[in-house]
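Position in the sequence shown counted from 1, then plus 8, gives you the working numbering.
Among these hints, one or two may not hold up.
[Claimed, not checked] Keeping only pairs whose Cα atoms sit at most 16 Å apart, straight-line, the calculated EDC-like set for lysine to aspartate or glutamate is:
| hint | residue 1 | residue 2 |
| --- | --- | --- |
| 1 | K151 | E80 |
| 2 | K333 | E303 |
| 3 | K259 | D218 |
| 4 | K14 | E80 |
| 5 | K162 | E148 |
| 6 | K162 | D118 |
| 7 | K287 | D178 |
| 8 | K151 | E33 |
| 9 | K295 | D176 |
| 10 | K286 | E172 |
| 11 | K110 | D73 |
Please keep in mind that the hints were generated in silico from the structure rather than gathered at the bench.
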Amino acid sequence: MAHLKKRGNILWIRYYDKLAETRKEFSTKIKATKEGWIEARKLLRQFEAKTELHQEFIEITPNIDLLKGKEEFLSLKRLKPKTIMLYDLSTRVLIEAAGNKKLSQYDKGDYRRLLMLFDKKSYSNNTQGIYTAHLHAMFEFFKASGYVRENFVKMLKKENKIPESIDDRDLQNILRSLYNKEAKEQFYLIMFLLITGFRISSALALKWEDVDWENNVIIARNVKRGRDFLFPITNDVRSLLNEIGIRKDLKVFSYSMNGLKFFFRLQQKLLEQNLISKKYTLHQLRKTFITKLLEKGIPLHIVKTLADHTNINTTMKYYASVNVKKMKEEIDTRSIFGDILGGNKRLVG
Numbered sequence: 009m010a011h012l013k014k015r016g017n018i019l020w021i022r023y024y025d026k027l028a029e030t031r032k033e034f035s036t037k038i039k040a041t042k043e044g045w046i047e048a049r050k051l052l053r054q055f056e057a058k059t060e061l062h063q064e065f066i067e068i069t070p071n072i073d074l075l076k077g078k079e080e081f082l083s084l085k086r087l088k089p090k091t092i093m094l095y096d097l098s099t100r101v102l103i104e105a106a107g108n109k110k111l112s113q114y115d116k117g118d119y120r121r122l123l124m125l126f127d128k129k130s131y132s133n134n135t136q137g138i139y140t141a142h143l144h145a146m147f148e149f150f151k152a153s154g155y156v157r158e159n160f161v162k163m164l165k166k167e168n169k170i171p172e173s174i175d176d177r178d179l180q181n182i183l184r185s186l187y188n189k190e191a192k193e194q195f196y197l198i199m200f201l202l203i204t205g206f207r208i209s210s211a212l213a214l215k216w217e218d219v220d221w222e223n224n225v226i227i228a229r230n231v232k233r234g235r236d237f238l239f240p241i242t243n244d245v246r247s248l249l250n251e252i253g254i255r256k257d258l259k260v261f262s263y264s265m266n267g268l269k270f271f272f273r274l275q276q277k278l279l280e281q282n283l284i285s286k287k288y289t290l291h292q293l294r295k296t297f298i299t300k301l302l303e304k305g306i307p308l309h310i311v312k313t314l315a316d317h318t319n320i321n322t323t324m325k326y327y328a329s330v331n332v333k334k335m336k337e338e339i340d341t342r343s344i345f346g347d348i349l350g351g352n353k354r355l356v357g
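From just these sequences and the hints, can you work out the full model?
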């Protein structure tokens, strides 16, 4: 027997599908007000009177466009701000590719347009994977709610990339160029990110009151996870913080996310002068920190804690990368098959 169920502030119809032998539910798109309950009960009676149930009920379910559908989807979820932002971005990309249409009007042709837009804008495989995963989740919801008959969005696989650190020579030239500037604020920030491996958001949120000089520890904020973590004040970190100059009740770095573009402008100049081999992201400073720790033989569990990784598997990716590099050096140095090959790289039969 079908019945009404409140989810968030929306009323849903829940029923048992005898053919599929499972319980199903879909949204009435009606808010759970006093009047809404009355209207929803009418729809429930119509639904129960149908012979083809859900398929025919779609006809009396109001249709909405993608933006409104996204709002309804998000209203029923308890998501973190960053996740909400990704759904917003994914929706915006689909609208750019195919327009903001009624949900029932989207089809496989729009998915092809989306892929063409990815290609036109040269989005990385990871970015494509993130966008399609979020769109797929939304259209699964739309399908269950009766807005669409099929989910045309296929999730693209994200690359399992080996973490890439910054080349030593490139890093030296970047740091030297920043240090030679009259104003040292940019150098201080980049150097701090390098010697702590902090996420950018954590560094920008850091206040002087978070620095416990007596106990040699920084109480940092993991903005990504919404929790605190501890980081030791090493000799390098202490020297840098002293050079920056303590200002009570203020943030250590007075930058916004938009103010970080200097890093990319600097690299463009250095690239034109052939002083670096390629451009790097700010996040690669963190990757460089983690890689250097592992190269110096710091135990894996300590690196995990310093990097504030939630899962040891994340740290293992860096470990695997460093290990492969070391294995190559060992094999090349020892020339394992030198005697057999006799100095020849190819054996001719």
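Evaluation of the provided hints:
no.	hint	result
1	K151 to E80	holds, 13 Å
2	K333 to E303	holds, 10 Å
3	K259 to D218	holds, 9 Å
4	K14 to E80	holds, 14 Å
5	K162 to E148	holds, 11 Å
6	K162 to D118	holds, 12 Å
7	K287 to D178	holds, 9 Å
8	K151 to E33	holds, 11 Å
9	K295 to D176	holds, 13 Å
10	K286 to E172	holds, 12 Å
11	K110 to D73	holds, 4 Å
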